[in-house]
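Novice: Counting from 1 along the sequence shown, just add 234 to a position and that's the residue number in this note's numbering.
Warning: the hint list may mix true and false statements.
The calculated DSSO-like cross-link candidates involving lysine-lysine, where the alpha carbons are at most 27 Å apart (straight line), are [claimed, not checked]:
#: 1; residue 1: 385; residue 2: 243
#: 2; residue 1: 385; residue 2: 262
#: 3; residue 1: 396; residue 2: 238
#: 4; residue 1: 243; residue 2: 394
#: 5; residue 1: 273; residue 2: 412
#: 6; residue 1: 405; residue 2: 238
#: 7; residue 1: 273; residue 2: 392
#: 8; residue 1: 243; residue 2: 260
#: 9; residue 1: 324; residue 2: 405
Beta-carbon label-pair distances, calculated as ranges [as the list claims (entries may be wrong)]:
#: 10; residue 1: 390; residue 2: 324; range: 28 to 38 Å
#: 11; residue 1: 409; residue 2: 362; range: 13 to 23 Å
#: 12; residue 1: 256; residue 2: 352; range: 38 to 48 Å
#: 13; residue 1: 413; residue 2: 291; range: 38 to 48 Å
#: 14; residue 1: 237; residue 2: 294; range: 31 to 41 Å
#: 15; residue 1: 309; residue 2: 372; range: 43 to 53 Å
#: 16; residue 1: 303; residue 2: 403; range: 19 to 29 Å
#: 17; residue 1: 411; residue 2: 243; range: 28 to 38 Å
#: 18; residue 1: 296; residue 2: 255; range: 17 to 27 Å
Just so you know, the hints here were simulated from the structure itself, not pulled from any lab data. Glycine included, every Cβ here is placed at the ideal spot set by N, Cα and C.
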Amino acid sequence: MMGKIILDKMAMQRALTRITYEIVEKNKGVEDLVLIGIKTRGIFLANRIANRLQQLENVTIPVGELDITNYRDDIEHDSMSSDVKMSNNKIDFSIEGKRVILVDDVLYTGRTVRAALSAVMDLGRPKSINLAVLVDRGHRELPIRADFVGKNIPSSQKEKIKVYVSEIDDKDAVELIKVLLKMGSQHDAKIFDIRRWICVPWQGVWFISNNDRGISCKFNYERLSGNYF
235 MMGKIILDKM
245 AMQRALTRIT
255 YEIVEKNKGV
265 EDLVLIGIKT
275 RGIFLANRIA
285 NRLQQLENVT
295 IPVGELDITN
305 YRDDIEHDSM
315 SSDVKMSNNK
325 IDFSIEGKRV
335 ILVDDVLYTG
345 RTVRAALSAV
355 MDLGRPKSIN
365 LAVLVDRGHR
375 ELPIRADFVG
385 KNIPSSQKEK
395 IKVYVSEIDD
405 KDAVELIKVL
415 LKMGSQHDAK
425 IFDIRRWICV
435 PWQGVWFISN
445 NDRGISCKFN
455 YERLSGNYF
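Taking the hints into account, I'd like the entire structure generated from these sequences.
Specialist: See the structure below:
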């Protein structure tokens, strides 16, 4: 896998600051505002936004921690009670009549957010629910949209977005990771790297070239068949 830093520490700080100002503007202040971070990195981002809100408005904003595992749509949970589903969460305040801001690191298919919405509704009836994400990478499978976005990063489904937070990763960054593709049959010519490395089999030998770099080489097909490069 090959990675490229899309947001460094300073860019992440600017993105979170922009989200903070947008939250204040949209809600015309911070009255009745609560933040709920989606585990794992969404929790740390929610706390950072809360700290910025306190600096701006001189008000302490409640922050909750939400684990959506028991609300995922690929897990059988019909027999679980609401108390069991919410047992791993740390939300020690009422959301009744509150303006809830869900915070996550990356918005992708929308399934994590759908699960989070179900969990929040089990807690009570908030006045509103908005979504803040550091990165929106597209490829939605559900009709879900973020209200506050730090950075839109167009990506393919063969790429990954990795968010690092200093609290657990020892650095702040957002990385776009390009995943190498697996080799196909010896009769197929496959592009296996985003940099246009092209593999063409001929008489049991892989001929590999990269037009961008003017590099070419060959490998024995039997040695490399089925492996990653």
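Novice: Take the hints in turn and mark each one as holding or not.
Specialist: Consistency of the hints with the structure:
Taking the CA atoms of residue 385 and residue 243, the gap is about 13 Å. The hint holds against a cut of 27 Å. At most 27 Å may separate the alpha-carbon atoms for a hinted pair to count; residue 385 and residue 262 meet this at roughly 23 Å. The hinted pair formed by residue 396 and residue 238 meets the criterion: a straight-line CA distance of about 10 Å does not exceed 27 Å. About 19 Å separates the Cα atoms of residue 243 and residue 394, which keeps this hinted pair within 27 Å; it holds.
Under the criterion of a C-alpha separation no larger than 27 Å, the hint pairing residue 273 with residue 412 is consistent with the structure, at around 24 Å. Among the hinted pairs, residue 405 with residue 238 is consistent with the structure: their alpha-carbon atoms are about 15 Å apart, no more than 27 Å. Taking the CA atoms of residue 273 and residue 392, the gap is about 24 Å. The hint holds against a cut of 27 Å. Between residue 243 and residue 260 the CA atoms are separated by roughly 26 Å; this keeps the pair inside 27 Å, and the hint holds.
Straight-line distance between C-alpha atoms of residue 324 and residue 405 comes to about 25 Å, which keeps the hinted pair within the 27 Å bound. A beta carbon spacing of about 36 Å between residue 390 and residue 324 agrees with the range 28 to 38 Å that was offered as a hint. A C-beta distance of roughly 33 Å is found between residue 409 and residue 362, which places it outside the suggested range of 13 to 23 Å. Distance hint check: the CB atoms of residue 256 and residue 352 are about 25 Å apart, inconsistent with the given range 38 to 48 Å.
At roughly 42 Å, the beta-carbon separation of residue 413 and residue 291 lies within the given 38 to 48 Å, and the hint holds. A beta carbon spacing of about 37 Å between residue 237 and residue 294 agrees with the range 31 to 41 Å that was offered as a hint. For residue 309 paired with residue 372, a C-beta distance near 25 Å fails the hint of 43 to 53 Å. Between residue 303 and residue 403 the beta carbons are some 21 Å apart, a value that agrees with the proposed interval 19 to 29 Å.
Look at residue 411 against residue 243: about 18 Å separates their beta carbons, and that is not inside 28 to 38 Å. Distance hint check: the CB atoms of residue 296 and residue 255 are about 20 Å apart, consistent with the given range 17 to 27 Å.
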